[in-house]
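Protein chains in written order, with our numbering: chain A, 10 to 174; chain B, 10 to 174; chain C, 10 to 174; chain D, 10 to 174; chain E, 10 to 174; chain F, 10 to 174; chain G, 10 to 174; chain H, 10 to 174.
These aren't lab readings, by the way, just hints derived from the structure by calculation.
Some hints could be false.
Within a straight-line C-alpha distance of at most 27 Å, the following computed BS3-like cross-link-like pairs (lysine-lysine) qualify [to be verified]: (1) K27(A) x K115(G); (2) K155(C) x K115(D); (3) K27(B) x K99(G); (4) K27(G) x K115(H); (5) K99(B) x K99(G); (6) K115(F) x K59(H); (7) K155(B) x K59(A); (8) K115(E) x K99(B); (9) K115(F) x K99(B); (10) K12(G) x K59(F); (11) K115(E) x K155(F); (12) K115(E) x K59(F); (13) K59(H) x K99(A); (14) K12(G) x K99(H); (15) K27(E) x K99(H); (16) K155(A) x K59(C); (17) K99(G) x K115(C); (18) K155(C) x K59(D); (19) K12(F) x K27(F); (20) K12(B) x K12(A); (21) K115(D) x K99(B); (22) K12(E) x K155(E).
Number of protein chains: 8
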Amino acid sequence: MKKVAVVMGSASDLPLAKDALKTLAAFGVPHVARVLSAHRTPDEAAAFAKGAEADEIGVIIAFAGKAAHLAGAMAANSVVPVIGVPVCGKDLGGLDALLSTVQMPKGVPVATVGIDGAANAALLAVRMLALSDEELNQKLKLYVQKLAEQSAEADEAMQKEMEQL
Amino acid sequence: MKKVAVVMGSASDLPLAKDALKTLAAFGVPHVARVLSAHRTPDEAAAFAKGAEADEIGVIIAFAGKAAHLAGAMAANSVVPVIGVPVCGKDLGGLDALLSTVQMPKGVPVATVGIDGAANAALLAVRMLALSDEELNQKLKLYVQKLAEQSAEADEAMQKEMEQL
Amino acid sequence: MKKVAVVMGSASDLPLAKDALKTLAAFGVPHVARVLSAHRTPDEAAAFAKGAEADEIGVIIAFAGKAAHLAGAMAANSVVPVIGVPVCGKDLGGLDALLSTVQMPKGVPVATVGIDGAANAALLAVRMLALSDEELNQKLKLYVQKLAEQSAEADEAMQKEMEQL
Amino acid sequence: MKKVAVVMGSASDLPLAKDALKTLAAFGVPHVARVLSAHRTPDEAAAFAKGAEADEIGVIIAFAGKAAHLAGAMAANSVVPVIGVPVCGKDLGGLDALLSTVQMPKGVPVATVGIDGAANAALLAVRMLALSDEELNQKLKLYVQKLAEQSAEADEAMQKEMEQL
Amino acid sequence: MKKVAVVMGSASDLPLAKDALKTLAAFGVPHVARVLSAHRTPDEAAAFAKGAEADEIGVIIAFAGKAAHLAGAMAANSVVPVIGVPVCGKDLGGLDALLSTVQMPKGVPVATVGIDGAANAALLAVRMLALSDEELNQKLKLYVQKLAEQSAEADEAMQKEMEQL
Amino acid sequence: MKKVAVVMGSASDLPLAKDALKTLAAFGVPHVARVLSAHRTPDEAAAFAKGAEADEIGVIIAFAGKAAHLAGAMAANSVVPVIGVPVCGKDLGGLDALLSTVQMPKGVPVATVGIDGAANAALLAVRMLALSDEELNQKLKLYVQKLAEQSAEADEAMQKEMEQL
Amino acid sequence: MKKVAVVMGSASDLPLAKDALKTLAAFGVPHVARVLSAHRTPDEAAAFAKGAEADEIGVIIAFAGKAAHLAGAMAANSVVPVIGVPVCGKDLGGLDALLSTVQMPKGVPVATVGIDGAANAALLAVRMLALSDEELNQKLKLYVQKLAEQSAEADEAMQKEMEQL
Amino acid sequence: MKKVAVVMGSASDLPLAKDALKTLAAFGVPHVARVLSAHRTPDEAAAFAKGAEADEIGVIIAFAGKAAHLAGAMAANSVVPVIGVPVCGKDLGGLDALLSTVQMPKGVPVATVGIDGAANAALLAVRMLALSDEELNQKLKLYVQKLAEQSAEADEAMQKEMEQL
């Protein structure tokens, strides 16, 4: 199976990114984690994206806040699908990162998930890889089923609680 | 190759969606177009998403404006990757559709592109399918190269124009 | 009297939803509480809405945050009035949930109350049911009168406090 | 059947309000239309709301733009359900009217529909009245069914168009 | 001298309003404080505004949050100048209250100050009353001079601190 | 009676400012109009404000768009009440001008009216001057009464129109 | 004198950029214009920035809309001052471009001017170059003086117009 | 070398401004720090800007929050480049300060950095001064290199951490 690369603009994004790394691990998807900055290490970031296919990387997930350019820089330098996770900041609630990630110009798309949506970024990568991996596809269906079951259990618990009132 | 389904909340989204359909056609990606509404025909929309894999659909692109729920409804009923295109409205500039599409809860991701980003949605679908289709991957690289060449030509033209001033 | 259904996208909405449940209880309005997700349990959510009338449910109150689709999903699958409560998130202050709930397309309205407006959602449901229930209507008038009295008492207290300065 | 009152802050709201009036007429719901301003004729507006029940009015729909206080003024002076329609302005896209209408304080709810959502306001009123009017309820179900059929026809037309390409 | 009335939508606005009351006291401006709600006690609020001139009130300062209608209700029922203070809420940072206060329709102005701008509201009232009160005008000039002096002292202190580095 | 000064950041604001000038003329309030820029002619702007009282100016109305500093510059250099009119731009709908005008720091208030609220700015100035001018106060009451009558006439016209349907 | 480079993400930015080019020409500042895209020609864009100093370029002005990364890419690859001009789009009024340009991470600043602020970008570049060019500094002072004179003339014209009323 | 002036609207901005002062010190750039308010000490602020060149000041950095006019006031009274730092407030997340700083009218530019971007403001000033100071330019290159090295070290550390999992 191809790998998923999780790249962060800064090491401070790691606590958030761990939700993505754990989810990938839970699905048995091979992955790498890198600190690469579109602004502080632009050459390394570009080189990484250019070499992604050769490195057996199938999907790149990029975490960045503020004027979040990292996902766009990945997508500009590789044709693998790039998923952008806008990171919430302390001032504008992540709106800056969201718009900087999603409003890409024609020709260079970034698949953007919600603000701080680390787990969803990983799940989106899994959906992409599962297109050509039946086993992974089955795992995804089990995951979705489990989500539904957890929700159903919470529903039952609530109904019981309501009855006792 | 798996097909890409382009679903619209309303037939009025077709002029915008055509940019996606043309791009898919240019890449030789088989596709279907459907009018399905999360709110007016919820059963049909859900049934379509549930049957997507059986219908050989690999990626779903959903266009919707305002309280844009269509992409989310597709993602809730299928494990194929779903791409959401927020459609610009006459009041809030598409901010409503963008937030309704991208801010999905944990467990059910939507790959969101920019407001009215029809061509980019198709290109993102192509990137996903190209993960397991080397020929499509080559086409994608040619496309990216052509984008760069067009940009370079525009650059040359501008430099000539500047010289003549 | 018909019942009011209080549905939540997640059990974590319960602390907020309790304001609605308590208000309904204070008015003697029969109610049920359910955890149903437009994205994690879409079939159960749709089935619940479709069966609402048969279950003697007159009004549905739906709590959801982020890309809040639950109220819309209820309204798409039932003709009973649906009240949407946008739940405040940690990033965008509930603006995402507000727009996702209120900006419904033509044909499928959601009666939206303010962000985290749990008590108001219940009071709105009571106003609807009181249209055909004179006793409930009287209780509503007493409630409104009590609100005014509390405000008047606070006014008197403040004026006394001011005099003593 | 109780009447629906359609009140407008200004006569200039009539073109928009006509969508509500026509929808009410199509459902055979008796209605009145009034120009009443929370700011220019506050006494008349308050008196109208206070007398609504005696005038056999079951639901009030209020249209207002900018610092839209009309729906709130209706809800402050009557216990019938009040539906607020935020009217889009030329500067802020209706965000001002939306927030002024929906963010009501605890105790006095307004059922807010989308910006310029005139038809939806009428449909929401119909849903409320249909709670105790089986005939109206049947009409509502026919309406919803027709919406679905129109969507299905648009879907068929699009699929035919796609086949011919 | 005419009085300044400080009205609050709720007693919970008092801590904030105290900045206005203290400022008025510091200038020796007679004042009253009232809890009056545009939504919970609309009759009392309107009556208060109607009687303001007879009560020797020259300026009304209104504090309200969320869908802040109180300043508008004062301005609709009196011709004395009304100052609106938008109160910051826990979700939208006071943007809702700001727009609900400032975007008044033609004919009924509200003099809006910044979010939570209690002291500035009082100072604005003082400026208005000082138009016809030379003694108050002198106090205002002393106040402005003192502000400048405090700023100059802070400047000197900073320059000293810088020199010692 | 004291004069009202209408100052504009640029001559291009005149079409909008005319609504203020006409309103002042209709009330018989003496006024002057000036083009003064906080950024292009800061000395002249400051000098004008400093001399306002000596020039028998009682109220200053300032029109400015974008990073609208003019009203603040007036208020920083004079103790007369300053009214700010945020001018709508072509990009952000006047939100920039609104925030730049209203969010003044403690000590220096600006009485802000709605975006492009030229007539309301004049009416607010009239309210301030009427505090010490009984004749003007009577005119203001007549104006408010006329507003109410016009609204009542529009209401009657609409009710007639409705009857004929 | 060092040159100013005006770079555009797309040739479609030229009409706007011409305001910058004309301003630079009026000040006699040597300049080049390039079409370079952070996303379509990332290598060329990076190479241009890396070579800027060697090319005798002292300031780079970058125009870009939407998820505007061009100015950031310039600043990441060169230590010359980079000025970013956020270009207004058809949906979000340029807010996306503004935030994507200005909210740069620590270490890599972009000097951002207003939305569509082409002339101001050139004037800011002139201010920078004038730091070490006395002749340019004098031109700048004349320009500022002329701005003030034009404003003063507009002021005189308006006062005359007012007198004639 | 010319000095950099760091001006603050209020002494309360010092903790934030210290990041700028420290950065300037680290680069050996002479600097002064002043408390000057566009609203409380407008004459002093204008006089300071007018005298900046004579005081050997090459760049002015201005910190201000809310309706942030300080940077604009500096730029209106001097032709040296002015850098504006919008300071985050407790309500609107600094959006008010950002728009008040960046949206300057044609003719008077402010080089705006991100919200609370103190260090970047200093680095931008250094970039400007380095245009004519080769030694400073070398320091800037070393700084940029160090940034890249720190990022590379963080990347290595992360890769090691990943290997050990």
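Outcome of the hint check:
1. K27(A) x K115(G): Satisfied, since the Cα-Cα distance of roughly 23 Å is no more than 27 Å.
2. K155(C) x K115(D): holds, 13 Å
3. K27(B) x K99(G): This hinted pair holds, its Cα atoms lying about 19 Å apart.
4. K27(G) x K115(H): Holds - the C-alpha atoms of K115(H) and K27(G) are around 14 Å apart, at most 27 Å.
5. K99(B) x K99(G): holds, 11 Å
6. K115(F) x K59(H): holds, 26 Å
7. K155(B) x K59(A): Between K155(B) and K59(A) the Cα gap is close to 17 Å, so the pair holds against 27 Å.
8. K115(E) x K99(B): holds, 24 Å
9. K115(F) x K99(B): violated, 38 Å
10. K12(G) x K59(F): violated, 43 Å
11. K115(E) x K155(F): Given that 27 Å is the threshold and the Cα spacing comes to 13 Å, the pair holds.
12. K115(E) x K59(F): violated, 31 Å
13. K59(H) x K99(A): violated, 36 Å
14. K12(G) x K99(H): Since the Cα atoms of K12(G) and K99(H) sit roughly 42 Å apart, the hinted pair is violated (cutoff 27 Å).
15. K27(E) x K99(H): holds, 19 Å
16. K155(A) x K59(C): Answer holds: K155(A) to K59(C) is near 24 Å, not above 27 Å.
17. K99(G) x K115(C): holds, 24 Å
18. K155(C) x K59(D): holds, 17 Å
19. K12(F) x K27(F): holds, 16 Å
20. K12(B) x K12(A): holds, 24 Å
21. K115(D) x K99(B): Status violated; Cα separation ~31 Å.
22. K12(E) x K155(E): Holds, at roughly 25 Å.
Hints 9, 10, 12, 13, 14 and 21 from the list above are not met by this structure, while the remaining hints are.
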